[in-house]
Each structure stands twice: as C-alpha cells, then as structure tokens.
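Visitor: So the chains spell out like this:
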Amino acid sequence: MTQVSMTVNGQPATGEVEGRTLLVSFLRDQIGLTGTHVGCDTSQCGACVVHVDGKAVKSCTMLALEADGAEVSTIEGQANADGTLNVIQQAFQDHHGLQCGFCTPGMVMSAAALLKENPKPTEDEIRHYLEGNICRCTGYHNIVKAIMAASGQDVAVLAAE
Amino acid sequence: MPKDHGIGASTKRREDVRFLTGAGRYTDDINLRGQAYVHFLRSDMAHGRITSIDTAAAAGMPGVIRIFTGADFEGIGGLPCGWQVTDKHGQPMQEPAHPVLAQGKVRHVGDPIAAVVAETREQARDAAEAIEVEIEELPAVIDMKAAVQEGAPKVHDDLTSNLCYDWGFVEENKAAVEEAFQKAAHVTTLELVNNRLVANPMEPRVAVGDYDRAGDESTLYTTSQNPHVIRLLMGAFVLGIPEHKLRVVAPDVGGGFGTKIFHYAEEAFCTFAAKAINRPVKWTASRSEAFISDAHGRDHVTTIQLALDAENNFTALRTETYANMGAYLSTFAPSVPTWLHGTLMAGNYKTPLIYVNVKAVFTNTVPVDAYRGAGRPEATFQLERVIDKAAMELGVDPIALRRQNFITEFPYATPVAVEYDTGDYHATMDKLVEMADLDGFAARRAESEARGKLRGLGVNCYIEACGIAPSNLVGQLGARAGLYESATVRVNATGGLVVMTGSHSHGQGHETSFPQVIAEMIGIDESMVEIVHGDTSKVPMGMGTYGSRSIAVGGSAMVRATEKIIKKAKTIAAHLMEAAEADIELKDGQFSVAGTDKSVAWGDVCLAAYVPHNYPLDEIEPGLEETAFYDPSNFTYPSGAYACEVEVDPDTGKVTVERFAAADDFGNIINPMIVTGQVHGGLAQGIGQALLEGAVYDENGQLLSASYMDYAMPRATDVPFYQVDHSCQTPCTHNPLGVKGCGEAGAIGSPPAVVNAVVDALRSGGSGITHIDMPLSPARVWAALQG
Chain A
1 MTQVSMTVNG
11 QPATGEVEGR
21 TLLVSFLRDQ
31 IGLTGTHVGC
41 DTSQCGACVV
51 HVDGKAVKSC
61 TMLALEADGA
71 EVSTIEGQAN
81 ADGTLNVIQQ
91 AFQDHHGLQC
101 GFCTPGMVMS
111 AAALLKENPK
121 PTEDEIRHYL
131 EGNICRCTGY
141 HNIVKAIMAA
151 SGQDVAVLAA
161 E
Chain B
1 MPKDHGIGAS
11 TKRREDVRFL
21 TGAGRYTDDI
31 NLRGQAYVHF
41 LRSDMAHGRI
51 TSIDTAAAAG
61 MPGVIRIFTG
71 ADFEGIGGLP
81 CGWQVTDKHG
91 QPMQEPAHPV
101 LAQGKVRHVG
111 DPIAAVVAET
121 REQARDAAEA
131 IEVEIEELPA
141 VIDMKAAVQE
151 GAPKVHDDLT
161 SNLCYDWGFV
171 EENKAAVEEA
181 FQKAAHVTTL
191 ELVNNRLVAN
201 PMEPRVAVGD
211 YDRAGDESTL
221 YTTSQNPHVI
231 RLLMGAFVLG
241 IPEHKLRVVA
251 PDVGGGFGTK
261 IFHYAEEAFC
271 TFAAKAINRP
281 VKWTASRSEA
291 FISDAHGRDH
301 VTTIQLALDA
311 ENNFTALRTE
321 TYANMGAYLS
331 TFAPSVPTWL
341 HGTLMAGNYK
351 TPLIYVNVKA
361 VFTNTVPVDA
371 YRGAGRPEAT
381 FQLERVIDKA
391 AMELGVDPIA
401 LRRQNFITEF
411 PYATPVAVEY
421 DTGDYHATMD
431 KLVEMADLDG
441 FAARRAESEA
451 RGKLRGLGVN
461 CYIEACGIAP
471 SNLVGQLGAR
481 AGLYESATVR
491 VNATGGLVVM
501 TGSHSHGQGH
511 ETSFPQVIAE
521 MIGIDESMVE
531 IVHGDTSKVP
541 MGMGTYGSRS
551 IAVGGSAMVR
561 ATEKIIKKAK
571 TIAAHLMEAA
581 EADIELKDGQ
591 FSVAGTDKSV
601 AWGDVCLAAY
611 VPHNYPLDEI
621 EPGLEETAFY
631 DPSNFTYPSG
641 AYACEVEVDP
651 DTGKVTVERF
661 AAADDFGNII
671 NPMIVTGQVH
681 GGLAQGIGQA
691 LLEGAVYDEN
701 GQLLSASYMD
711 YAMPRATDVP
721 FYQVDHSCQT
731 PCTHNPLGVK
741 GCGEAGAIGS
751 PPAVVNAVVD
761 ALRSGGSGIT
771 HIDMPLSPAR
781 VWAALQG
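Residue numbers (full-length UniProt numbering), protein chains in the order written: chain A, 1 to 161; chain B, 1 to 787.
A few of these clues could be false.
To be verified - Derived DEER-like restraints, expressed as beta-carbon distance ranges:
id, chain 1, residue 1, chain 2, residue 2, range
1, A, 83, B, 709, 34 to 42 Å
2, B, 240, A, 82, 48 to 56 Å
3, A, 156, B, 523, 25 to 33 Å
4, B, 240, A, 83, 46 to 54 Å
5, A, 68, B, 193, 49 to 57 Å
6, B, 62, A, 82, 46 to 54 Å
7, B, 616, A, 156, 47 to 55 Å
8, A, 68, B, 25, 27 to 35 Å
It should be emphasised that the hints constitute simulated quantities derived from the structure, not laboratory data. Quick caveat, the model's predicted, so the values are computed rather than measured. Cβ coordinates follow ideal geometry from the N, Cα and C atoms, glycine included.
My request is simple: use the sequences and hints to build the entire structure.
Guide: Here it is, written out as structure tokens:
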C-alpha cells in the first residue's frame, strides 16, 4: 500500500492505495464521492469522467497513484458556491438532458471540458466530442440540446418536439 | 398557452438536482458496516459437466471469508419462472430447474459455478482465480433450428428435448387461415431475424445482502425495476423467507429497459450469504459480467406470410417463429414471444385471420427475456417489413397500402384475442406525412444522389399493448402474478402528501409526473406532494415498472387512492362548514359550499383530520390516509406512425440516419417533456437495433460481442435530432386518466422504419434487394449492394 494525496474539489484528500487501485475507486470507495460512476470496464462509456488538472479524464483508466499531487474535480464540485446548479447542470435540467442519471455526471464533466475548449460548439462538434460518453436513456437529443443551450445558443429553432 | 403546473405541464424534474450534483443514491453507492464482497467464478464454457471443484487453495488466500458452490444450495429453491405457457396441444411448457450456483452442469458462458466472499473486492477476485474447476466439455447447441433437431445435445438432461413449447395462436383459426392463403390473389413471404440484443442500462447490476440476527430479518438492496416482485419470488420460491422478514430496496436505479425486472441468482446469493456469514455481502457487476449474466432480449427467427386479395386487402397472416430462451427460463421469458407478441400481430390492420406459431427453444446461451418492448417490437418488425415487401411486389405505395387496411372503428376486436379501445391511425399518419415533409423527399433524394449517395425513406406504423392486464385474464394465460398496482396516499396534518407507489422509477421521472396528477386533482402546488417508491418496507405492495405501465396502472391506483382521500376530506369539510356533503366542491385547494361564500382550505381540513376537536367522529375515523389497488380491465393501446430517412454510402455501405419523425398517440399526457424524452430514448435503442447492435455467439457458445469494444452501442454521432409529436390523442377509455403509456413506443416503432428506409435506398440505386437482416452494418449493406 502506498500513500496518495491529491486535491479533490478544492479539499485535500489522502489515502492508502494498492498499485492497482483506480482513481475512480479511490474517489468512490476511499473518499466517498459516489457521484462518479463506473459503467463499463473498457474505458468506453464515460460515466467516470472527472477533470484532472483541468483535463477531462476517464477515472477508470487512471491509477490513483498517477493522480498523486493533482487537482481533481468531480461532479460533486460543479455546483455554484451557493449550491445552485451551474450553467451546464441547469441546462441539463431545463432541457431534460438526463433520465436515469447514471451517465449524467460524466456527461456534465465532458460538456464542461468541451465548452472550455470550444465555447460555441456546433451540433456536430458536440456529438463528436461525446463519442466517449454513452447514454442509454435520452437518445442524446436533449443532451446535445442542453450543451448548445449552456453555450448560449438558441435551441428553440431545433427540430420540433 | 402551455400549462405551467398539473396535468399537461412540462414540469422540470425534481430528481434532476440530485443526479446533476452527484448526490444520487444508486445501489453501488450503498456500503454497509462490516461489508464483505463476493466475486462469482463463472463458466467460460458454454456446456459442460462439472467433474470437480477444488477450493482448498483459494480458501487459504488473503481475506477470504468463505467460498460457496452449488453444493451449498442443494435443497434450496432455484430461480422461479413467473409465467407458464401452455403449448398448442394443451400441455405445459418444459420448465427446467435454475439453480443459484451451477449444480452438475454449466449451460452457458457466464453460468456461476462458485462464489468467493472476501474482505475486499480484489481479494475475492484474486481467490476466485485460484479455484480449480474441472469441466468435461459437452457439445453446445447455439443455433435454434439445430437445437430442436432429433439427436441434438440437450441443454437439460431431464427434459425430453430443447423445445420449451410449441405454441399455436389462435389454434382454432389455423384451418381458416390455411384456406384464406389458398384463395389469396397474392402472398408475400419474408424470412427475417430479430437480432439478439443486450439491454445495457448504464448502471450495471448490483446487489447488497444484509442480515439482522436480532430480528431474523434480511434486507436486499438491488438494482431492480420491481422490488416487491423480487421479494415475493426470492422469499417464497428460493430462500423461504416470509415477506415480513424480508425487505427489498431498489434505490436510484440507473436504467432498466426490462433486464432489471427479473430475479437473478446474484440477488438470492447475496441475501443467502449475508445470513450464512452474518455480514453484509456486496456484489457489483462489471460490464463484462453484465454481458454474460444480464438477460438478453429479442433473438427471434421468423417466417411471415401475408395474404392479400385482388384489391390489396389483407386477408390473412401467418407466422412461424423460433424464439430463443437461452439456457434457463428467465422470470418472464415464456410470455414474451407468446402473449406479448402473438396478440400484437394484427398491428394497425383489419386482417381478419391470423395464425401465429412460436417454438421456444433452449440453447447454451444467456437466458433471453423482456427488453424494451418485449415481443411487441418483434411483432411490429415482421409485420411492417412484410407489408413493405408486399407493396414492393405489388408496385403500390406502401403508405397507401397501409391506409387501405387500417382499422378505423373502435372498439375493435382483433383475431388475436385483444380488443383495441381507441386509436386513430389515419390521424397519426396524416401528422407524420406533414411533420416529416414526405412531399420534400424526392428533392432530398436528388440532392443526395448528386453527391453520389443513396437516399431512402421508410415509413411504418406500430401498435403497442401497455399495462398488461387484467389479473384474472393473465392468470388464465399462465401468469403466476397479479398485474395490478397499489398506491397509498398519506396526507400529513399540515396538508402535504406522500404517495407510496408500487411503480418504480429508474429514469422515467415519477417523482415529478406523479405529483402533477395529484396537484391537478386537489388544486395544490406540486411541491406539496412527495413520491416514495422502491422500498418494500415503505410501500404496501407493488408490481413495479415495465411494459409502459406506470402511469396507466400505478397512476390509476394513485388516482383511486386520492379520490378516496378527497371523499373523506369532503366529509370533514362538510362537518366544518355545517353543510351537506353533496354540496361540497373542491377547487384550487379550497373546499366550498356550492352557492355560498363559505369555504375552508385544504390545509385546515387536513389539520382537522389529525386534530379532530371539531370532527364527525361518529361517522369517520381521524386521519387521512388511503390505499387503492388498481387492476385494469384491459391493456392500453398506444399507436403511431414513424418515418426514417437514411443516406447510404454505396462505396462503404455505411448508413446515416438523416431524419427521423415519430407521430405517436399516447392518449392523454401528464408531462409532455418527459414523454418526448421517453420517445427519444426508445428511438435511439430502435436505431441501435437496426444499425448497430447485436449479441453474437460463435458455434462454441462464446459471446463474441461481450464488451463495449465489440457490442456497438448507439453514440451521439449515430443518431440525429428527432422530430417527435404526440398531438394526436385518443384517450384510453378504461383508466381514469385516459393515458396509454409511452416508454417503449420508440423502440417498437423504429427498427422497421430504418430497415424499410435502407432497402428503399438500395433499390433506388438499382439493387433488387428485398431485405437485409439487422443490424444493417456497413459490411452487410455493402455486401447487399454487391448483389
């Protein structure tokens, strides 16, 4: 067992881990941040996306030890300081961009990373960026719409519904 | 002006806040004090006889608490099947035992052989690798038609064959159907495969068993769509625990799509093992494990024939289907290809004579059971494909051929035992033609062709039967459960309400939509109503959520309980205002006496019920809590018309869905936003089935598509923005809300639209192709184009 220390959502987090412990296991099992989910074991579904030093990372594909000293940000750290939903979270609620909620943390974290790189993505750019995030409930329509809305684009003109 | 609250309002979902902030509480988020972890050692062979299991080395590994094998479950019940189908000779289906852990034989890759319980997940997994299992490999049966040949290896040695049942429906119609085919002016025949799918809710299955020695009480936390059903099946049939000593909790559940209806071995194991070692025991499936242990869906091989007269009227329909059951009977598996499939073969059409034959077959594959739509997509796909093929052969417009044969008068008794209460199939088709801009298709095709692409249009209809019922009928058909729903409405002293519903939300938004109904009935704010579900210790009884039944059946139970509440509240209000009960009106949360200015607020009446100082104690009891059980008198019948436009790249065979339009009739609608979302999700799953998904076994029974690297899940780039409309509304006539159900429609209606469109595209390029089996992968489409 090795000691690992990192900053998670602005708070220091330390624990003893095995070499094989994944970052997602450290977050979920050791520091109790269960908002980050595990939906697969082949780094495909993206339910486990967090930000490590500002970059979107699949936390099932990174060892906890690799995040030693890093700044990690998870879904639990996304809301505004007063506890209200941030712009992306609010857009997901406003546009029904989630159903069962299981893929949602990864979707929100991926969307945040996308909008940081590309503040006004097109529909096509959003769909391609979400290649690594699988949702089984929404058919993606309202996720794409929510991300467009969160970036300040008018979504009223989208396909009728 | 859209409504902003109550029935018909697109109220934003209250559950979203916790899901968006990481505060959801899914089963894997539950960790109990002293919890141990189980890892299942599963068969890597499709069929074999277990000759020895040596756990000695594994038992000595670090952290190992106990290792269980099939021997530990001798004398304990196997997993029960909840539906007994009677075959065409009046005989019961063949029903094999389904042990919790394999006994004697393994019958599919993934069959659990042993279970290691250890201090940590990793220790359990490490120790499982040290178990030495000797298995004498037996020939596997994978292909259904081969499995029912004389001399085929038997999946179950104690059964007479691999044929579970040979079902004829309606057997008495068979001769008349034959005669109609002999007289037909035209017969269209189509052989097709309804591809095997894996449901793949994003949350893998999880079970946590707990045991309280002091009270001799067991608790199971599980990823289930119907915790009460699990309590009954596991308690009564597997472990012998009476319901008052067994609590089943299904907290936030990350999608189900049918595969979380069923009672699984891992649930029984964790409950059993928690008592055996007197510690909580947790199991979390990996995705790879889910692929080989979650019940799969579909997997039918069908020949369908449609007979038409000289005027192109449908005169008869007959089908022969081989339906894969897999290695064991999953909870509701036998009902899917029969009562959920044969009864839908009339579709939207007045075909007078129908005969459906289904041979259910055991194979050395994962059990197959209900997956979103369950039987109804299989019925819709074959029917809507054969109609398109008939139109092609006859050289007539496929929409016109459908319209000509639409059922137009309701109620309509089909020749396959069900009676449609309402519908308007021309209205949804009219809406579709308009919204999908079918008139503009020719121009869009020309534009595609100018770019060297082939463009195709596929249109089809569907009918669904939701809210399977009534109990006294389904009992005759072989169901071993009632199909009602219960609701308890508890009014608190200060006027807030709690609804304890047997329906279970795993993404459908009941916490938002159910309060809209009560808010409308009483005239109060939706925020005054809270929904409790998913816990057998809190909800009196429940049959759960599947088959698009929640609002139609669970919602109706809630309405009935609320009606009782209102009735009693009116009695109290009448007493408070010294008026006759018959004169009391309830509006906007105020009880008033008709024709007077006297009124009393909802909250004051509720308070009086619990502080009964001024109260009709000689007439009624204090308190305001009512329970209702609602058993519907019929199914509901949503219907619709769908249009898909695809573009095919003739160089690669890649299909792109360019446009998809869905015009549905769901009857009355509680929350349009949620309904639209349900359709979107169903469409993606249907497009996934048509273009991408397929569970593929090799001849040895190895599942080749057993991870997201190999099983092609639809991703954001695979689907377009959809056009969805549900303005055509013919309310259900037999439930109090006039609702029909919307959860499965998208998955039922979309696969034939996609395939019809691709065939149309290929034919527009000069191909003579009439059918391609799903999934329409680039390889298959390209091969078809090569002729």
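Visitor: A separate judgement is required for each hint: does it hold in the structure or not?
Guide: Do the hints match the structure? See the list:
A hinted range of 34 to 42 Å for the beta carbons of residue 83/A and residue 709/B is consistent with their spacing of about 39 Å. Distance hint check: the CB atoms of residue 240/B and residue 82/A are about 53 Å apart, consistent with the given range 48 to 56 Å. For residue 156/A and residue 523/B, the Cβ-Cβ distance of about 31 Å falls inside the hinted range of 25 to 33 Å, so the restraint holds. Restraint check, residue 240/B to residue 83/A: a C-beta distance of roughly 48 Å satisfies the suggested window 46 to 54 Å.
Distance hint check: the CB atoms of residue 68/A and residue 193/B are about 52 Å apart, consistent with the given range 49 to 57 Å. With their beta carbons about 47 Å apart, residue 62/B and residue 82/A fall inside the hinted range of 46 to 54 Å. Judged by the Cβ atoms, the range 47 to 55 Å given for residue 616/B and residue 156/A holds: they are separated by roughly 54 Å. Checking the proposed 27 to 35 Å range against residue 68/A and residue 25/B shows it holds: the Cβ atoms sit about 30 Å from each other.
Hint check: no violations occur; every hint is consistent with the structure.
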